[in-house]
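The residues making up each chain are set out below.
There are 4 protein chains.
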Amino acid sequence: MIPRYSRPAMVAIWEPETRFRIWFEIEAHATQKLADLGVVPQSAAKALWDWWATKPAIDVAAIDAIEAVTKHDVIAFLDWVASQVGPEARFMHQGMTSSDVLDTCLAVQLARAADLLLADMDALLDAIKRRAHEHKYTPTMGRSHGIHAEPTSFGVKLAQAYAEFARQRDRLVAARKDIATCAISGAVGTFANVDPRVEEHVAEQLGLAVEPVSTQVIPRDRHAMFFATLGVIASSIERLATEIRHLQRTEVLEAEEYFSPGQKGSSAMPHKRNPVLTENLTGLARLVRGYVTPALENVALWHERDISHSSVERMIGPDATVTLDFALVRLTQVVDKLLIYPDRMDRNLNKMGGLIHSQRVLLALTQAGVTRDGAYRLVQRNAMKVWEADGALNLLDLLKADDEVTAHLPPAQLESLFDLGYHLKHVDTIFARVFG
Amino acid sequence: MIPRYSRPAMVAIWEPETRFRIWFEIEAHATQKLADLGVVPQSAAKALWDWWATKPAIDVAAIDAIEAVTKHDVIAFLDWVASQVGPEARFMHQGMTSSDVLDTCLAVQLARAADLLLADMDALLDAIKRRAHEHKYTPTMGRSHGIHAEPTSFGVKLAQAYAEFARQRDRLVAARKDIATCAISGAVGTFANVDPRVEEHVAEQLGLAVEPVSTQVIPRDRHAMFFATLGVIASSIERLATEIRHLQRTEVLEAEEYFSPGQKGSSAMPHKRNPVLTENLTGLARLVRGYVTPALENVALWHERDISHSSVERMIGPDATVTLDFALVRLTQVVDKLLIYPDRMDRNLNKMGGLIHSQRVLLALTQAGVTRDGAYRLVQRNAMKVWEADGALNLLDLLKADDEVTAHLPPAQLESLFDLGYHLKHVDTIFARVFG
Amino acid sequence: MIPRYSRPAMVAIWEPETRFRIWFEIEAHATQKLADLGVVPQSAAKALWDWWATKPAIDVAAIDAIEAVTKHDVIAFLDWVASQVGPEARFMHQGMTSSDVLDTCLAVQLARAADLLLADMDALLDAIKRRAHEHKYTPTMGRSHGIHAEPTSFGVKLAQAYAEFARQRDRLVAARKDIATCAISGAVGTFANVDPRVEEHVAEQLGLAVEPVSTQVIPRDRHAMFFATLGVIASSIERLATEIRHLQRTEVLEAEEYFSPGQKGSSAMPHKRNPVLTENLTGLARLVRGYVTPALENVALWHERDISHSSVERMIGPDATVTLDFALVRLTQVVDKLLIYPDRMDRNLNKMGGLIHSQRVLLALTQAGVTRDGAYRLVQRNAMKVWEADGALNLLDLLKADDEVTAHLPPAQLESLFDLGYHLKHVDTIFARVFG
Amino acid sequence: MIPRYSRPAMVAIWEPETRFRIWFEIEAHATQKLADLGVVPQSAAKALWDWWATKPAIDVAAIDAIEAVTKHDVIAFLDWVASQVGPEARFMHQGMTSSDVLDTCLAVQLARAADLLLADMDALLDAIKRRAHEHKYTPTMGRSHGIHAEPTSFGVKLAQAYAEFARQRDRLVAARKDIATCAISGAVGTFANVDPRVEEHVAEQLGLAVEPVSTQVIPRDRHAMFFATLGVIASSIERLATEIRHLQRTEVLEAEEYFSPGQKGSSAMPHKRNPVLTENLTGLARLVRGYVTPALENVALWHERDISHSSVERMIGPDATVTLDFALVRLTQVVDKLLIYPDRMDRNLNKMGGLIHSQRVLLALTQAGVTRDGAYRLVQRNAMKVWEADGALNLLDLLKADDEVTAHLPPAQLESLFDLGYHLKHVDTIFARVFG
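Residue numbers (the UniProt record's numbering), protein chains in the order written: chain A, 1 to 436; chain B, 1 to 436; chain C, 1 to 436; chain D, 1 to 436.
Only chain A is shown next, with the shape it has when bound in the complex (with noise of 0.2 Å):
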């Protein structure tokens, strides 16, 4: 997580200031449910409140001094909660441990994260979907192994993005219902000093499920779908991005990242206009990726728990979660503002002199009574000519041309072959399967 890669929304999740303020709710919660159990006073819990009810500031240099001394972070937050709310704060806490604390806190955290990328990934599917329509019927070149293939339509290369991006939407709504699970429950689980029930009233006011079977921490195989998830997320955000990257290249130019009228590709070569965003995005992609593995690792605790996975997290659940936001925010800007060129396309979709059509002369003939292995002769010897001539003939005028030919398909019937529409018959079927 660095500044340049990171928007101010998901970093601040991750702000100190930000899980003080879960810390206390959790706490605040508790101590509620306590008071209505009998075990500690009403009068503990009123005053947590009333303080909080005053929207007072979060002190984060005190906290830290304070820890600075205590060597434990819960404790050294409990103690300035206490200086600031006075003495029926020493009921907090009754019960439970920090890891209570810490990893519903991490639960909420990230809760807020998966809530910011759902968002994220709405605003994409917008935007995917506004071009996909828009370019709904554009004839572009479609290319398996990077060699031209047959046509198909811009708008179903962009069907296929919001697909995509509309699976990994619902993957991130399971990996965040995975993810949003509170325990309260003591050292090693058993709720020995802590009744259930006080678990089970955070977890309602925080909007998180109870924790079935907690060790001390929540079982980390939780976090592990939720970083494989984002890193899922991140290969589909990858493709998209090579797309693009594929579409810009100086050969093809079919598409390029905005360019704004004044600015400058390079102060040398007024050609220059890089796919940089894109490009960027590629490698954004991998650190999401990197990030699952150490996630994977991380679910292997000793017994109860032990605390490797601890700096992990502190490590990956900021960068895993602002690296993913940024990334989905970037791409939705290339998209929403990609410079799309039907005339280069159509240029491309011709390159070749109409030979992505020769299939379906081969068929036509083949119907008209030709055997196949004459009617691929004839086709061939044509297409051949225009393969070497390398965009200068082109198939229909030589088939026009050839006798043999046309004593099957006459020239009116040759020219309806060579029809793109053919192609796009079904781009609606796509669409109502995509779109609705």
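Take every hint as true, because none was put in to throw you off.
If chains are identical, the list can't say which one is meant, so a pair holds when it fits in one copy or spans any two.
List time: in silico BS3-like cross-link candidates among lysine-lysine, alpha-carbon distance up to 27 Å:
no., residue 1, residue 2
1, Lys272, Lys351
2, Lys351, Lys136
3, Lys272, Lys400
4, Lys400, Lys351
5, Lys385, Lys272
6, Lys400, Lys425
7, Lys425, Lys351
8, Lys425, Lys136
9, Lys337, Lys71
10, Lys351, Lys385
11, Lys337, Lys385
12, Lys272, Lys71
13, Lys425, Lys272
14, Lys400, Lys385
15, Lys337, Lys272
Don't read these hints as lab results, they were simulated from the structure.
Chain A is already provided as a structure; the job is to place chains B, C and D on it using the hints.
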């Protein structure tokens, strides 16, 4: 995938014959629909199914021999089928591309693999559940950081594992759904030469969903999610395996992998009983996790498709599913027959002369009117003696002999505080959450 | 490791017979030294070597049958050898542990695998070098961000690849040295039951170094480094494969994987020649990289050793070396027969009407006394016309027709600035650095 | 990289001011050589160095402010330098590209980072060496599979760690050499606008090697190898950390992380001393390993270069080096102050009533003329009693009381077999190998 770590049922899914059988079904269902749509004669479909009804053997060697010439696996297969079925077979594959067959087949294989894995997980869950109930109230030391913390029950340990694998099962169900789609859409996914209703029909017949937008290939984010899920599951296998390895350590020895009465641990050292199965599971987990990143890197294919993913999937498709299947079954066997030693657990619980109850004594003194600082001092001066005696003294005796303590807590009350039941009182709650 | 991506020589290293042969040599050399030290009779060593001199076949099935009973591979092997050699064989393995044999054998196998890979790399380097010199001065477009930048030569491209693989070769030599150690040190590495001179002797005979401290096992940081190095090499394979895939794109087509005259790219589309070999290499690189992390996770064995690494190595040992061997040979074939199209390179160089020379014109105008801003304006107004004409105009013509330009740079001088040689003048320097 | 896991010296390498200082030196050295070659006036170089001799502060904020306008970091820097140096500065950067500065600067930063890491490793090696000699002959249990195997010495354990980190040091030296190259070669590496002698001069001045072929960028296989090496080193950190975590387990307790006399482990549980530092190191190792794969993925840049690697390096450059630096220093502190408990080691050694000597008794009986089977039976029947008594009996006593045993081995000889020295007799050899 090597025989040592493979089970036949999963291996069979990846064998050439299985693949060819699935290919045939895809082709035959597609031909049927093409016949229904009037694109090919009904006799073509009938010929295929009539032949299939004879339960023909698949001559893999013959198909391989044809492929050695044609250099194309799907064409080799079609040629061989034609040689068996006769001229009507020429209508097979009309308007389709090889990927239509290959990717749909992979979906069927992965779905079947997932079904096997789900059955494995059911068996594992059953075994864990049974052992959990068997030891629902068996007291055992809860450990954080590898250090004694507070007591828990061995059943709670297993209930945690149950809840974790139950989550993993849900995730695999989702991943199976994600992967089980059918694509029959032609060279770039436009259905230019094949009606979308063919895809719908084949999907329905094979129990798959229709892929909303394919581009010759099914998008690889689906496969990435599938393999990532396997990696997360493997990490939970490692967690439980690590727990057992720890429990079997010479100094702990609270549980052991099953050892048959006549078995020799080592020809020279009778005390040697090594947790080799769970160590093996730890290694297998590393392998399954290792396949995640290549699967993520497979997502960003170029344009409509390239074929870089293919070699990856030819390897990790079998490797990841076969290895995870083997690991799940091995873990089930380990859990099923795990030797569990409640006596040793009890001895370990008491290893530190009752120090695990010090927190509760502290609390009781406070409730009896001693200041917190005073209570801490009273407990600590006795606890330290116990600690330094390394098992030769016990806390209860010392406390009973400490007049300052008994002034507030009479011996009978002190004894009541050294009660494991205090820690197990919510086991029912936890079991109810997990097992319903 | 699947046949499709395997070569026999590397596969043979991992076959049971090879392993048993190495085991025998380790045992026989150890017995010899034990005899020399007076620990066992000389007749024991002699009996082993006499039998070996008969070039006996290894009966893998017989050994497997014994293992099915003893459940121990090394014991099964020793029993089988004893059945062949006779009673003198009972002195074999004196004071040794199975790991002494297994780990030293793995060292031999990995060293042999490294030797094959080094030979592969030599062949690859030869092929690259030959093609580099062939196209030392073939001008081609240099591209940054996929966008035309400045001219370079195709030979320089290949010289870069040569230098990169030469580095990789050095790294593999280091990794081979790292892995090639012998350990015969007993149950925890103390030599309690076997003299260290046995280890020294076996090491010398097998061409290995002595492992300074083993602890039943050779430390796994060595293996981690070895597999990590393979992963780095694989990444360079991906780099060169990606370059070729890019060059073969329909719109670029400056090079192509070899296509035999009679070969059909596609039965329907004569223009289809897909870079399937280099796409395949891209996937194979992902696989080899995927084995790095499990190898790294293998390092942290528990105490003197656990056996979690074993399953990992049984899989990735063969998988990583066989796959990389196959990939290196495939890449060598691709480079060796790569179709290279200088004409097309030339056409692409000129695709933008000479804009690639704009920077040099700018510089010349400045040197002729025009201010930098003025020069930029003069070049830009002509360059923009070229840019907008998309290939229909060229910069030199426009500049010659621009009086304000020719006032400073007469036509002849202008022409001299449009000189590819300017960009290739240091090719000799680069080649001298790389090829000496 | 977060403050909690960072040390100032390594952080400083990655700070903007450091980067700008290195940039200046690159530019100034290049200008000097350009002046010597007559390309720019000597006064230009002199002006730069004269200014530098004043030890000017770098105004990072001012440079950032310019970058906010120019959107180009190198240009912003050059503009700011020009504003300080005056008009002579206009000759800076002649014929160079931004990457010449950026990549060479990264090489300097990584080389400096490597130097810090090497110093860290030296300190770690010193600490391990000192503790190893301190406990050269301290007997301790050797464990395979977590199970008692045979005795070793604690010094041998540490000698193993020493040898392992000494290897890692060698690898880092190689990786440092790999990364420390200078490239000043222009837009695609052809030196079209800058003489290769400039690169040679700058390289020499900065202590770098010349990059034989750069293509605007230094090839990323170098960086991949560097980060892979850091990942391998991190794995050895995890190994030693795991060893210590195991040794500190309550039931083992042969060593502990240092605990100051007044320190509180837990306010409630006096027995709680958690190995939190080594647990933390385990997590940090996961992080450093996690950066390896993104670095490997960075190698396959498109053509002469794309910029996808940049975001990855901006993150993992600091993250990997800062985290590893912190981890090495933390590990050094742990080793340096590790509490080592020979008494407890001794007790654990004897935990099983002398069973660890059973193998040697077996051997002695055989040498005394008992058949191997007979000897095994004699030892086993006594060993089993010891095993079942779980520490209440010891093997020597039982053997002495077994007439069939004493018939072959008189008590005095039996006693001599229960000798730890037998296992430590080659410690000198091992130490000589490791420490020379």
